[in-house]
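Student: Got two chains here, separate frames each, mind docking them using the hints?
Each chain is listed here by its residues.
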Amino acid sequence: MSEWESVIGLEIHAQLATRSKIFSGASTAFGAAPNTQACAVDLGMPGVLPVLNREVVTMAIRFGVAIDAEIDHRSVFARKNYFYPDLPKGYQISQYELPIVGKGHIFISPAEGEHREIGITRAHLEEDAGKSIHDQFVDQTGIDLNRAGTPLLEIVSEPDMRSAKEAVAYARKIHSLVRYLEICDGNMQEGSFRCDANVSVRHKGEDKLGTRAELKNINSFRFLERAINFEIERQIDLIEDGGKVVQETRLYDSERDETRSMRSKEEANDYRYFPDPDLLPVAITEADIASIRAALPELPEQKKQRFIDALGLSDYNAELLTASRETATYFETALAAAPGQNAQLANWILGDLAGALNKAALDINASTITPEMLAQLVARIADNTISGKIAKEVFEAMWQGEGEADAIIEARGLRQITDSGAIESLIDAVIAANPEQVEQFRAGKEKVLGFFVGQVMQQSQGKANPGQVNAILREKLKS
Amino acid sequence: MAPGVAEIQRGLAAGKFSSVEITQDYLARIAQHNPALNCFISVTDEIALEQARRADAALAKGQAAALTGVPLAHKDLFCTDGVKTSCASRILDNFIAPYDASVIENFKRDGAVMLGKTNMDEFAMGSSNENSCYGAVANPWNTECVPGGSSGGSAAAVAANLAPGATGTDTGGSIRQPAALCGITGIKPTYGRVSRYGMIAYGSSLDQGGPFARSAEDCALLLQTMSGFDRRDSTSAERAVPDFSGALGEGVEGLKIGLPQEYFADGLDGKIAAVIETAIDELRKLGAEVRDISLPNTDLSIPTYYVIAMAECSSNLSRFDGVRFGHRCDNPVDLEDLYKRSRGEGFGAEVKRRIMIGTYALSAGYYDAYYLKAQQLRRLIKEDFQKAFDSVDLILGPTTPETAFKIGAKSNDPVSMYLQDIYTISLNLAGLPGMSLPVGFVDGLPVGMQLIGNYFDETGLLNTAHSYQQVSDWHLQIPEAFR
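Chains as they are written, first to last, in the working numbering: chain A, 1 to 479; chain B, 1 to 483.
Hints in this document: simulated from the structure, not taken from any laboratory.
Backbone N, C-alpha and C define an ideal beta-carbon position, used for all residues, glycine too.
None of the hints are false.
According to the in silico footprint, chain A covers these stretches of chain B (three or more CB under 8 Å from chain A):
#1 92–98
#2 192–198
#3 228–240
#4 318–329
Isolated chain B (complex conformation) (with noise of 0.2 Å):
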């Protein structure tokens, strides 16, 4: 029994049950679980009742809005007003945020519920959701391994059935690569179509938020709240939002998906290849017309996306300064004292690598070499995607290179670290459209096939993740512990 968000709905209105009832089912699993998950930082059960009452106050009256009732976790990145927003740092442990993200404000809006913050890599910054000050989460499928990042805790969530979605966070991977790992499905829409309003940000011109669920019906409905335009965020973008769930069902037949060569090349586990080639049958037997394309500037895409995000994470967290809000040492002895305590005992150590880089790129005489020369690597990165979209519908790709890896296992060594966002990377820095879905298992760890879309193509995107959900059901599958 693992309802998703459509279900809850149905029954919902059916008056299957209250969502009160569904709320207290949930929060009673997240007790039993967390512990071995680690994917909370805060559970939230009184405004979970609270608003699950208020739900059921509205669904008596028929004035249900789109997710009335719905429970749903958070990523702790999401500003929540008056609930701590952590960021999986300490030194925002003690943040309590005064206002609500924009994207908090459009799922109170449509009645939805929250369950919980969930924990993260600090700032979004990690493969793995070992970096955090509340410590590493577990997989639900092998709880040795790593759920991905940095969106860890919600995608360990979702997949353990601790809620049916969760909202997360993707600046170079931080969706995909966890719904990948931990066998659910995940889509990071267009740069723009979400607001960022109150999305604690790590790299501005990358970040985009977007659902976990188990269906992309399900993906469909939540980022159907989740998206449009808002005047708060100057790079969201005013466009009309279609209605993602309505476009479900079109079917794939003569859709044309480009298979990037250097998406299967060297560095993919050839176990992972075999099983999204089988996918790949099953969309080929659906009617779509698959063909190799390229993209020839693939492996620029790593150290073009570190030197910008970091170069803007460095001067996004410059206002952790334990001045105003969030951590600040004791008995500071002068001004700089208070600086270089409060971020030094603030902050963990992947975030400050990535501070110090991004300084040093940003830096006087640096900047023409590093911070210059990527965002021209950007363009062609960019340029690559828009001549492949002239002749194909879609891209079709692996995820990840590998399937969950052990807790520990990379930790040291950041650059191997870094290259699982090999295949996830280049969309943000093209601001296109991905979305990973399961589609098998390798040694007992699920494998997420990754579709790119043309700019605010979310709906082709959805639309075939759904028609392959409708012929399996790997989308479904929940790991034995959790049932």
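Bound conformation, chain A alone (with noise of 0.2 Å):
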């Protein structure tokens, strides 16, 4: 039997940052007591009528013109009609046949030198729901309606996707983009950036699409990446076991680390979409969309692109440094402060201080260590101040708030020795020292000059200019 392949759709829901919601001037900010930010509109009460904010149309055209996107000049939102306690009106308005964004793209890179392609269908605006309660009240459902008509760009990409590992690189990249954007603060805990897969697997070389599950309830990358990692096994073994995929929502759960069945398609509802009367189609003009389009940010690609071709940046680590857009700042925030040292700070940054960073589960925009002081240590090793081992010492002390560079290096004396005289009364006392090793080496075991090196940098305490260090040695072991 051939090769499987697995097939990977996303549909991401990202709550569009506004002040107020789409249909109503309720405020959308998190964690209000219940019930407090909900108006008639929201509430659904009898004659109220939706009124368009148009921010939002806004930001989802910035959306689509960052993803080259096709943009109708007439949009129509749509009546979504299905009954549940927390939607209010039993419809939720969304967009049906014309969505705001039509078709679009954009590039991953899901490992090292990889670059695909992933098109993106549509991207259309809708309304959030409310929230259903359930574990709060004995034998009954609170419902919270804050968060019901919160704005969202739901953004459904192609299945274009043939692993786990390319999704999350898809999720991580259109994350990315709405926060450069500015149109999303990527929140997953709050719900703000939510994804939904469809999986399928099929023999490689298939073209026919399997019947593929929605994977639902997933709030993070790594679980992301799990479900569907899940979600593949399962329909694998599966149909090796002579079984077949029906199609069906499935839930993700994290603390079991499985995927469960939530509806099949039969139970699946028939949404009677249609253009909701209350609104009238949405006009966009080529002038709004030019407008849109000279306001933009400089995008990820675009930077990624700068970083490479003027800063001489390696591809990946132009791509790493533009992943997000809080790193990106930092970098270049830091390279203001220490000009043409593009690749010592892009190396500090994706090396030294991710890893710090990491471990303590922090962001970019929290670290002790802000981009002017990394910009000082950086500079203290071009000038020589200090070498590049001593800059880790440095760094260390940095991050664990001992204060600036050149504070540390003074109070813990670690200016390297760059006096010949010194490096070379250092180097007397090593050959001195180790006869036998003076003869091998003459012998011609050059390999023996690195235990010399060691033994200087040892005696200097990791001072002495380590460049000089080899060439007094050199000179000195010959004659």
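Tutor: And the structure:
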């Protein structure tokens, strides 16, 4: 039997960062007491009418322009009809036939040197539902309608991804993009950025798609990867055991790390979409699009290309530095304080700093080492005040909150020894103490040089300039 | 004695009577006659008298607004803050609206007094006012007959002089048909002229509020207050409202009036046709030029309307689910039971029928054949009118094919009931303004004549009706029992 291939498409719900709701003036702030941010419109009271918050249109178009999408001059809101207690009107105002953002695409880089284009089918505007709270009341369900009417942009990808890893790379890319565009805060814990995954499997080489399952309730990238991998395994096992995948919605349970059936296609609603007669079609002019395009910030793809072309960074480093707007800003701020240190800064940010942040589970914005502090450290390496090795010690001290690089170097006496007289006398002492190794070197065993360098560095407590040590040692050993 | 809105305004201004006095008169008349007519669901005595007292104070200080002190009745689907707003449905029998509809706000702003909330067909679905959980409304001209619907309570109240004016809503004829059957004047403005905010929706793309009164002059005053752009209704028209009263008296000299042949065809009662012909002659004498026109797609308007209105209502009425407000069944065992019984107990038969038909029309696999097709026909119907208005200023015809029928006569025959709207329904599909005015009687029951105007030409309608009413007194007739 031939190899299996998984086919994955994602539906991402990005909550748009407006102050008020999509069709009412109520606040969208997170965390208020239940039902305190729901006005008559959000409650679906008899007689109320929706009024479009024009800001969401601008935000959606920002996204559309950024993914190079087709944007129609007319966009229509439609009603998606179904009954649920946290859906106050008995329908959700969404978009169906004429979404605001049409076909577009985005590039992902799932691993070093790999590049893939992922198609985006559409992105449409809709209102969020409220929340049903099942666990706080005995035999009753609480309903909180604060979230009802919160604006969402639903971004639907083509089934272009072939592994959980690619799906995560795509989700991260969209996450980064909406934050670059300042249209979504990206907070996955608060539900501002949610991913549903459509997963199916087929034999490699087949054209036809397998039956898919839709995975819901995934609230982190880690869980996204796990849920997809679990589902791929489940489907392959099922088929290999002679079973059939059924089209259904499955919930991911992060505690058990498994997906569970929620409802099958037969139980699925007929949503009876039709254009919402309470809202006029949204008219979008070329001029609207042009002015939104002109106001776009530098996008991750453009920034990455600039980092490669103008700063000489590697493709891989440029990709990592631009993966989030915050990291890119950190890098650019540091670079402004230490001009020319492109590669050094990139290495420090993606190496030691990323490691330290990761270990402490901190965001780059919360780093104790500011971009200016890192710039100073890199500058001290460049001007030979300290060696790269000593710099690691200084970095660690800065991370621990001991202050800026210069202060730490002074306080700890870490300044590099560059006086050749001082280095020479250190070397003379080491040569005198190790006659055996001197013989070996002179007999042609070049490797012994490393031993001497180590000894000299140890004697200098690491402060001797390694370049000078090397040069003087060679000379002395040869003579 | 049946003073109109304008006459009351003048009387109040001249100090002939106070708002409290006239409000008390109307409240007394309501107390006396409502048991026979059943046209009010709620009578808001206390609110009315309080508003009247404030109106008198304002009048005394010379701070009167457009309608200060004028008592009016409102159809019970306009939300009224703190007052029951039922839509004549059991599902909203316990619903106290937490806010005012824009129309109600406008009347408050202009100083009007609210006498009460009027009976109607449940959720405005019906042409006879028999579909009310509070019982049928009787026609003041013959209490065995229907007043028309769905705004039957408002029409009957004005006809019996229980209010000088009242609000209604018109989705397929719900202002014009009851105005015709009750012998009064009513206008449905252009879609978008009056805000729908706070008007409980039936068919959102068709619904439009408007006034009932004895005369076109009074309708002009009430419509003035009701009209205007409202940012809370995205479909409301952002355009200036003309001075409706100011345009009255321009006459009809040279006015080109079109008579759609299709409106005078087989379905029309011959006696009604004769009454309308007489009224047309009056307009000719006043200088109007009358010619035949054609609206070839008229016969498509009923099926088109019922698909669209029912599709929209099936969705609009989903919010009545027993969860947040309105009727909830006792002891639901689970969510599905809660929905099924709350809605099953709360909605009447006609509402259920329309929700089911509408749900069907929107279902996967049927959408294209029904809803989409209906939208295409809607465009054709609209084009018929647009073409007609290339050659005429106004279109004229009967409002209804028959006069008021007996209560119960059509209640088991929905299709025959739906045909009552044959002349009125196409205007809602096109979004055009229309009005009905009384032009005579057949067998003791009033006959209404319909005027159809071009978009936002309410002025033309009101002016034409006013010209006719200057030379006729049909609009001043009051049934004997209510004089």
